[in-house]
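Residue numbers (the working numbering), protein chains in the order written: chain W, 432 to 563; chain L, -1 to 341; chain G, 216 to 344.
Simulated from the structure, these hints should not be mistaken for laboratory data. Every residue gets a Cβ at the ideal spot worked out from N, C-alpha and C, and that includes glycine. Hints should not be assumed to be uniformly reliable.
Computed spacing ranges between beta-carbons, pair by pair [what the hints assert, rightly or not]:
hint, chain 1, residue 1, chain 2, residue 2, range
1, G, K287, W, A513, 35 to 45 Å
2, W, Y509, L, L12, 24 to 34 Å
3, W, T499, G, K287, 33 to 43 Å
4, W, M497, L, L217, 33 to 43 Å
5, L, V164, W, A513, 12 to 22 Å
6, L, N286, W, P515, 51 to 61 Å
7, G, S284, L, F252, 36 to 46 Å
8, W, D495, L, L96, 21 to 31 Å
9, L, L217, G, L219, 45 to 55 Å
10, W, L437, L, D114, 31 to 41 Å
11, G, K287, L, L217, 20 to 30 Å
12, G, L219, L, G92, 31 to 41 Å
13, W, F511, L, G92, 46 to 56 Å
14, L, F252, W, P515, 17 to 27 Å
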Amino acid sequence: MISDILVIIVMVTGLLFFVATTVGIIRFPDFYSRVHAAGKGDTLSTTLFLGGAILFIMRDFSWDAMLTAGKLLLIVFYIFIASPTATHAIIDAGYEFRVPYWTRSSDKKGTEGDEANEENMDNGFYPEDLKG
Amino acid sequence: MTWDASLLWQFDILVLVMMVICAVTALALQGLLSSAIVTGAYSFLICLMWTHMMAVDVAFTEAAVGAAISTVIFLGTAQYINRWIKKDPPREQGIKQLTLVIGVICAVMMLSATRDLPDWADPASPASTHLSPGYIEQGYHETATPNVVTAVLADYRGYDTMFEAVVVFAAALVVMVLLRRTSHKHRKVLHLRPKREGRDTVLRGAAQSIIPVMQIFALYVLFHGHYSPGGGFQGGVIFGASFILLALCYNLKFSMNRFREHLVLWCCACGVLLYAGIGAACLGLGWNFLGYAALADLLGVSGKMARSYGILAVEIGVGITVMAVMVSLYYDLASGGDLEEGL
Amino acid sequence: MDDLFYFIISKYNYWAAIILLFIGLYGMIVRNNLMKKIIGMVIFQTAILLFFVSIGVKRGATVPILKFSPDKQPLLDAAAYANPLPHVLILTAIVVGVAVLGVALALLQKIQRVHGTIEEDEILEDMRK
């Protein structure tokens, strides 16, 4: 009974993080924060959801259940490696191609990718030594 | 007319609606990169659908092939073409409307014809009452392979699978012939990212920790295909994907130093040769082509175990071919045929 | 009302396949860009595969991998497993599908090199010159 409640709590938390991720992808203003939301929220929610599945399987102990739980644990582990790496690679690619990023001024003008943004890109945000 | 609610039709309809949305979006978007990504999402959705239809082998293949390899070769091609497409020219509006009208009429006719088809998930449908129960009931006694899909794939329908492997092999050759030895007269290389020496440390570290496990997993999938979902196709694709991941995280040259091009070609040919050679060996021993029971005396085991081993050998052949073909497709398409710079 | 409900939920797999089929076909015919035509072809193909696999679904059946009783005897009841035959056909068709996709994309790159564009009307103009 207790373990059931625990499983429900963990899984529902995971689902809530999924919802937060989706809202983040839709509502955040620029590329970087969207990818950030997708990377962080997705990793955490998948981990929680699969963790809930592991707890659910482990309720009655047997070797088969242990085997399945071990496989799920491996999936969690590799998602935990791969998902942040993919996020890093996407953000890195966007950074190198100078995808405009959000500032307060761009919000005030109500447009994306205007001159203010371009200036920000050239001054300081993009270090000289990375340009080659 | 009673409906057994054991199948989650709500889930199915949700996934199918999302698939339709993805399909329309992939066709309607103006940017080719985004439509390639949406096509990948579409593949994952259909993968979910297939898992729910209890076709786990198919779902596994789709996840490896449709969602991973297809997306990568789409992106590899997208760097050599104009990535932003124009609006369709106005003179085609008439043709568009005509196509729409004819399409809708045909679709309505086909939809009305579905009344005569058997119900969704009907156990007594004609497709499920002929031939396939025989495979399920006799397959284990004849081939000692619990995974019925593997047994049917490599034994009962061995010809089919052999020529599928030949088609895949031929496709790799065609891609090579098409892309090599052409003048780059109009070549417009739109590199997806600036050239840097290799990639950064995070990607390399992740690749180093994932690739060995991927390769071991691919071998597990291949050799455990008798007992669990998997087999030559899936194992081969995952093994090939590990080399593609290496090329993505380092660069094309790095991957090509590990798995050289002439070795790729040898692997392509050897896999098909292994498959056909086993068939020919059975023929030489006085049985039918691909009648693995002929190998029983040679291996010193019973007839059904000989068929099990025959399935394994054939799956290895398929795995080698598919692995090499996936790597070859990536090498050629991502570098535009000159094998200099990849994705 | 019950009959209508029954009709909808007993045929929706075919409906989805047909709708996807015509979306793919429409895209193949109407879009001007050759890459979009290839994506239309992929959608067309998956619609047919969906139709095939959905034929093999059985109510109350599980994956077509034999289950064993505790004394190592296989459970050989055809009604307990999904139809494996469509799975076999579709599994190979998917891998051949990606090979075909590779050939199509190679042709696309070649067309881009020869004509400098992959828009259908521009290619036709280039060929008339």
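Outcome of the hint check:
1. G:K287 - W:A513: 35 to 45 Å: holds (38 Å)
2. W:Y509 - L:L12: 24 to 34 Å: holds (27 Å)
3. W:T499 - G:K287: 33 to 43 Å: violated (21 Å)
4. W:M497 - L:L217: 33 to 43 Å: Given about 23 Å between the Cβ atoms, the range is violated.
5. L:V164 - W:A513: 12 to 22 Å: With a Cβ separation near 34 Å, L:V164 and W:A513 fall outside 12 to 22 Å, so the hint is violated.
6. L:N286 - W:P515: 51 to 61 Å: Taking Cβ atoms as reference, L:N286 and W:P515 lie about 54 Å apart, which means the hint holds.
7. G:S284 - L:F252: 36 to 46 Å: violated (51 Å)
8. W:D495 - L:L96: 21 to 31 Å: Since W:D495 and L:L96 have Cβ atoms about 59 Å apart, the given range 21 to 31 Å is violated.
9. L:L217 - G:L219: 45 to 55 Å: holds (52 Å)
10. W:L437 - L:D114: 31 to 41 Å: violated (51 Å)
11. G:K287 - L:L217: 20 to 30 Å: Holds, since G:K287 and L:L217 (Cβ atoms, about 26 Å apart) stay within the stated range.
12. G:L219 - L:G92: 31 to 41 Å: Roughly 37 Å apart at Cβ, these two residues keep to the hinted range, so it holds.
13. W:F511 - L:G92: 46 to 56 Å: At roughly 55 Å between Cβ atoms, L:G92 and W:F511 fall inside 46 to 56 Å, so the hint holds.
14. L:F252 - W:P515: 17 to 27 Å: holds (23 Å)
The structure does not agree with the numbered hints 3, 4, 5, 7, 8 and 10 stated previously, though it agrees with the rest.
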